[in-house]
Every structure is written in structure tokens, then in C-alpha cells.
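Asker: When we follow this note's numbering, the leftmost residue of the sequence shown carries the number 5, and every step to the right adds one.
For the record, the hints were derived by calculation from the structure and aren't laboratory data. Please note that the accuracy of each hint is not assured.
[Unchecked claim] Estimated spans, in silico, between C-beta atoms of each pair:
id	residue 1	residue 2	range
1	Glu123	Glu173	30 to 40 angstroms
2	Leu153	Arg101	48 to 58 angstroms
3	Arg67	Val114	15 to 25 angstroms
4	Thr136	Val114	28 to 38 angstroms
5	Glu38	Gly137	20 to 30 angstroms
6	Asp164	Asp56	24 to 34 angstroms
7	Ile68	Lys149	35 to 45 angstroms
8	Phe98	Leu61	37 to 47 angstroms
9	Ser52	Arg83	17 to 27 angstroms
Glycine included, each C-beta is placed from N, C-alpha and C at the ideal position.
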Amino acid sequence: MRRLLCVVLLAGGLAGAPAVSFGQTVQFRILDEERLLRESELGQQILSDIRDAEQELEEENQRISDQLAEEERELTEARADMSPEEFRERADAFDMRVEAIRTERNQRSVELGQQSEAEAQRFFDTVLPVLTGMMDEQGLVALLKPDSLIIGVDGLDITDAAIERLDAEFGSGEETSDDP
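Using the sequences and the accompanying hints, generate a full structural model.
Answerer: See the structure below:
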């Protein structure tokens, strides 16, 4: 008797729920954002600019490191001609300068990382209208990351089509730059 009551209550509760037809499909596709950034011309230009800035920072760091190593060598060689107090004073000043430079270089590295993240976000903000246009054209309600799909059929991934569309619309982005 209790079982019958539970079945009746459950059926009554489900009667008000929206009907889902298993013949209907929710339209979604897979989009690999990393590939979109890595393989589109616009994304490649952004990544190239980031790599150039990273390379420039590395070269600056190497020049500074070489200069400091030379100064340290000179200080060590001059030690024989100095009193212990004078050497300690100059060595402490050198150490303080090295620490200040290290702090400044670390800050510059953090800023470059933040700039890289901002550029990647700007890329996705720029391509969003293209992606939503593709969604509208195909009647899609969602784009999912590849790692959020457990199993699916071939043809769900629209990354290649999105790359082609972005390349056609933006190219490398150089001619559409808003810079003065």
C-alpha cells in the first residue's frame, strides 16, 4: 500500500515537470580554446608577441646577470687592496643592489605573465562574436571544452571551422589593429 502511494505521489509530481523528448537533441559542440589560440593567425600573432616580450626580458636578465658577475669579480679582485671594513661595506652595498635588481626583475616577470594573460583574454573577447555567430548559424546552445566531454560522436569538434572563420575575418590582426 505504501509503495502504491509513493508511485502515485511521484507520478503526480512529475506531471508538472517539463516534458523532454528523447528524439530532441540539445545542440552543443566542442571547441578547443587552446588550439584556437595556438593555431589561428590572430592567436599566433598574439603568442608571437608574448614570446618576443619574454625573449626580450630573458636577454635583459642575462645582460644584467653578466654585468653583476663582472662587478662581483672586480670586487673580489680588489679585496686584497682594501681593509676588511671597506670590503664589507662595498660587499654589503653590492648585495643590497643585487637584491633590489632581483626584486625588480621578478616584478617585471610577474607583470609580463599578467600581460600575457590579459592578451589571451583580449583574444577571446575579440573572437567571441565570431563564435556566437557560428553558434547561431548552427542552432547551438553551448560550446564545451574537450575535457568536459566523456564520450561523443565524430563531428562534434568545431575548432577547425572556428580557426578558418577567425583567419578569414581577422587574419593575423595586424591590419585590424586599433593602435594609432
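Asker: Hints first: check each against the structure and report whether it holds.
Answerer: Hint check:
At roughly 19 angstroms, the beta carbons of Glu123 and Glu173 sit outside the given window of 30 to 40 angstroms. Checked against the hint of 48 to 58 angstroms, the pair Leu153 and Arg101 passes, with Cβ atoms roughly 54 angstroms apart. Range check, Arg67 to Val114: Cβ separation about 20 angstroms, and the 15 to 25 angstroms hint holds. For the pair Thr136 and Val114, the supplied restraint of 28 to 38 angstroms holds, since their beta-carbon distance comes to about 33 angstroms.
Remark: the range hint 20 to 30 angstroms for Glu38 to Gly137 is upheld by a beta-carbon distance near 21 angstroms. Taking 24 to 34 angstroms as the suggested C-beta distance range, the pair Asp164 and Asp56 conforms, at roughly 27 angstroms. For Ile68 and Lys149, the hinted distance range of 35 to 45 angstroms is satisfied, since their beta carbons lie about 40 angstroms from each other. In this structure the supplied range 37 to 47 angstroms is violated for Phe98 paired with Leu61, their Cβ-Cβ distance being about 23 angstroms.
Restraint check, Ser52 to Arg83: a C-beta distance of roughly 47 angstroms breaks the suggested window 17 to 27 angstroms.
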